[in-house]
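Visitor: Chain by chain, the residues run as shown.
2 protein chains.
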Amino acid sequence: MRQAGRYLPEYMAVRNKVTFIELCKRPELAAEVTLTARERLGVDAAILFADLLPILEPMGLDLEYLKGEGPVIHNPLLTPSHIDRFHEVEDVGCLDYVFAAVKLIRKQLPANIPLLGFAGAPFTLASYAIEGGGSKNYAKTKTWMYTDSGAWQALMETLARSLIRYLRAQIDAGCQAVQIFDSWAGCLSPDDYREYVLPYTRMVIEGLPADVPVINFLTGNPALLALQRQAGGQIMGVDWRVNLRDAWSTFGHDVAIQGNLDPVTLYADLPTIRKRAKAVLDAAEGRPGHIFNLGHGVFPDLKPENVIGLVEMVHEMGQKK
Amino acid sequence: MRQAGRYLPEYMAVRNKVTFIELCKRPELAAEVTLTARERLGVDAAILFADLLPILEPMGLDLEYLKGEGPVIHNPLLTPSHIDRFHEVEDVGCLDYVFAAVKLIRKQLPANIPLLGFAGAPFTLASYAIEGGGSKNYAKTKTWMYTDSGAWQALMETLARSLIRYLRAQIDAGCQAVQIFDSWAGCLSPDDYREYVLPYTRMVIEGLPADVPVINFLTGNPALLALQRQAGGQIMGVDWRVNLRDAWSTFGHDVAIQGNLDPVTLYADLPTIRKRAKAVLDAAEGRPGHIFNLGHGVFPDLKPENVIGLVEMVHEMGQKK
Numbered sequence: 009m010r011q012a013g014r015y016l017p018e019y020m021a022v023r024n025k026v027t028f029i030e031l032c033k034r035p036e037l038a039a040e041v042t043l044t045a046r047e048r049l050g051v052d053a054a055i056l057f058a059d060l061l062p063i064l065e066p067m068g069l070d071l072e073y074l075k076g077e078g079p080v081i082h083n084p085l086l087t088p089s090h091i092d093r094f095h096e097v098e099d100v101g102c103l104d105y106v107f108a109a110v111k112l113i114r115k116q117l118p119a120n121i122p123l124l125g126f127a128g129a130p131f132t133l134a135s136y137a138i139e140g141g142g143s144k145n146y147a148k149t150k151t152w153m154y155t156d157s158g159a160w161q162a163l164m165e166t167l168a169r170s171l172i173r174y175l176r177a178q179i180d181a182g183c184q185a186v187q188i189f190d191s192w193a194g195c196l197s198p199d200d201y202r203e204y205v206l207p208y209t210r211m212v213i214e215g216l217p218a219d220v221p222v223i224n225f226l227t228g229n230p231a232l233l234a235l236q237r238q239a240g241g242q243i244m245g246v247d248w249r250v251n252l253r254d255a256w257s258t259f260g261h262d263v264a265i266q267g268n269l270d271p272v273t274l275y276a277d278l279p280t281i282r283k284r285a286k287a288v289l290d291a292a293e294g295r296p297g298h299i300f301n302l303g304h305g306v307f308p309d310l311k312p313e314n315v316i317g318l319v320e321m322v323h324e325m326g327q328k329k
Numbered sequence: 009m010r011q012a013g014r015y016l017p018e019y020m021a022v023r024n025k026v027t028f029i030e031l032c033k034r035p036e037l038a039a040e041v042t043l044t045a046r047e048r049l050g051v052d053a054a055i056l057f058a059d060l061l062p063i064l065e066p067m068g069l070d071l072e073y074l075k076g077e078g079p080v081i082h083n084p085l086l087t088p089s090h091i092d093r094f095h096e097v098e099d100v101g102c103l104d105y106v107f108a109a110v111k112l113i114r115k116q117l118p119a120n121i122p123l124l125g126f127a128g129a130p131f132t133l134a135s136y137a138i139e140g141g142g143s144k145n146y147a148k149t150k151t152w153m154y155t156d157s158g159a160w161q162a163l164m165e166t167l168a169r170s171l172i173r174y175l176r177a178q179i180d181a182g183c184q185a186v187q188i189f190d191s192w193a194g195c196l197s198p199d200d201y202r203e204y205v206l207p208y209t210r211m212v213i214e215g216l217p218a219d220v221p222v223i224n225f226l227t228g229n230p231a232l233l234a235l236q237r238q239a240g241g242q243i244m245g246v247d248w249r250v251n252l253r254d255a256w257s258t259f260g261h262d263v264a265i266q267g268n269l270d271p272v273t274l275y276a277d278l279p280t281i282r283k284r285a286k287a288v289l290d291a292a293e294g295r296p297g298h299i300f301n302l303g304h305g306v307f308p309d310l311k312p313e314n315v316i317g318l319v320e321m322v323h324e325m326g327q328k329k
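First to last, the sequence lines map onto chains Y and W. Taking the working numbering, the leading residue of the first sequence gets 9, the next gets one more, and so forth. Taking the working numbering, the leading residue of the second sequence gets 9, the next gets one more, and so forth.
Calculated from the structure, these hints are not laboratory results. None of these values were measured; they are calculated from a predicted model. Careful, some of the hints might be misleading.
No copy labels: a pair is met if it fits in one copy or bridges any two.
No farther apart than 20 Å at their CA atoms in a straight line, the calculated lysine to aspartate or glutamate pairs in the EDC-like style are these [what the hints assert, rightly or not]:
{"no.": "1", "residue 1": "K144", "residue 2": "E77"}
{"no.": "2", "residue 1": "K148", "residue 2": "D70"}
{"no.": "3", "residue 1": "K111", "residue 2": "D59"}
{"no.": "4", "residue 1": "K286", "residue 2": "E203"}
{"no.": "5", "residue 1": "K286", "residue 2": "D156"}
{"no.": "6", "residue 1": "K283", "residue 2": "D156"}
{"no.": "7", "residue 1": "K286", "residue 2": "D199"}
{"no.": "8", "residue 1": "K144", "residue 2": "E165"}
{"no.": "9", "residue 1": "K283", "residue 2": "D199"}
{"no.": "10", "residue 1": "K311", "residue 2": "E293"}
{"no.": "11", "residue 1": "K144", "residue 2": "D309"}
The task is simple: from the sequences and hints, build the whole structure.
Guide: Right under this line is the structure:
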């Protein structure tokens, strides 16, 4: 589960003392919130507390997290001519705080609980770099993509090579699996995804050790499922917009799926949560290749007891199968 | 094309003199911007200038368009208990300004140019009514839907019956076809759409005269295509997230499709626009049942010459087939 713990009082207590970026950059605090969330929720894996965007800092972008508004990049790559000031991460030493957190977490985590590392997919990071923050239409990103394919390729390859080093270092530090988030690729048509995005996500996945499971998560467009599979990964992360039965029939049955309860479900009462969690398990038809998860991140204003209740229900219903 | 003319200097000149809601409510001005946009662009049909939301006013909601922020409802239906203050439109006389505009436009429009009326689909209007404006996660809407199916049914049926009267009156006033916009339904899973939305969209479409073409437009989730078709309509409106070939194979070939160029394309240069418009026409394989359109609304900051150029290109390339 992403954003693990942002709705927990334990997280908020830590967060009140430091800024968001400080929390990302102080390994002992990042480790603390990762471990606390895992324990409190009782989930079967821990996901590193980190953010998608700090990798853009050593690449030349000036990143700030504004209170209540989320991330802002003060010098975005507004046009293809700005590619010259975007630098590949040759040495991941500048991101050592992430790997230090991984080591601390791995040391304290029970041996039977895997630790997941993660990173943004090249397209999602490219969109942030170009738009300078969140976007509704991705107009600048797409216009660049449509009109200067050379600069687009350079941008995406620079990101892909940097991401390979970043994820390899997370694995070397102790992560048992990694998740790649293409949170924004759903704004693309299948033809655009195939041409402008798929080769670079594939480059990242192929650049990782073959024996480390990769979760390839893409949200926002079920028409991309077949291409998401082509991009690679042993586990496909999907959102709630698609039924798991249909997803499996598109992916084929030789791949695992992680998903896909609509996170809004967690605002409802426990009986409703149970009914809807059961529908996800039923759609997975008890396949061993199903990793139950939300279809997207947890909202920060959710009641912790609902999230904890969901984990208990899934454990209980899953055992019955 | 929706939002016709919002990027034209002629529209802006009218808009500078009145507020947005005044423009909607003054038939001679609504007619003027509708006709000007049609003429300037050279498109094969005119779409009534109006807005999705004013129908909510006679239903009991206090609607305001804030400058730069879009529509806000000051007394949203925050919980199912608020259903009591939501009223069915029994007499569409309170929306006479819309039908007066239709009559004025039809009088001045060339006889061979159809006039399209339109309305929001029940789900999209319900979301506005509950969220009080735009939303990122539709959390309040979904929570209502998941937890109080009785009040949800009452809400959706109240909307559906009101919409039937509203669209029938547009047709009586002179519209040759109507378009139903489910702009927000893409946030739903197929199971949720089937249970909570499809019956009410179908109710609206079945409540209209069988000889008037209905364009059923849904955006944001290609996994809903098969259900969109079940909801009805002779023409399926689709966004750019799906390839037209795949859409047709899901819909079947006994239905027409309207779509689906990504509107961001219009920020690019004319040769890029041409290439991408051709790809849409190629995917439609010259079928007579294809109505070329954008996959969503036109952005207000687009260059008019690009939109006009696109219309010319499509006319020219379409004739070659």
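Visitor: Could you run down the list of hints and mark each one as holding or not?
Guide: How the hints compare with the structure:
1. K144 x E77: both (14 Å within a copy, 14 Å between copies)
2. K148 x D70: within (18 Å within a copy, 36 Å between copies)
3. K111 x D59: Within. Shortest intra-copy distance 17 Å satisfies the 20 Å Cα cut-off; inter-copy 56 Å does not.
4. K286 x E203: between (38 Å within a copy, 17 Å between copies)
5. K286 x D156: Between copies only: 19 Å across chains, 47 Å inside a chain, cut-off 20 Å.
6. K283 x D156: between (49 Å within a copy, 14 Å between copies)
7. K286 x D199: For K286 and D199, the Cα distance is within 20 Å only across copies (13 Å; inside one copy 35 Å).
8. K144 x E165: This pair counts as neither: shortest intra-copy Cα distance 25 Å, inter-copy 31 Å.
9. K283 x D199: Classified as between; 13 Å across copies, 37 Å inside a copy.
10. K311 x E293: neither (29 Å within a copy, 51 Å between copies)
11. K144 x D309: The answer is between: 14 Å across copies meets 20 Å, while 23 Å in one copy does not.
This entry does not satisfy hints 8, 10, going by the numbered hints stated previously.
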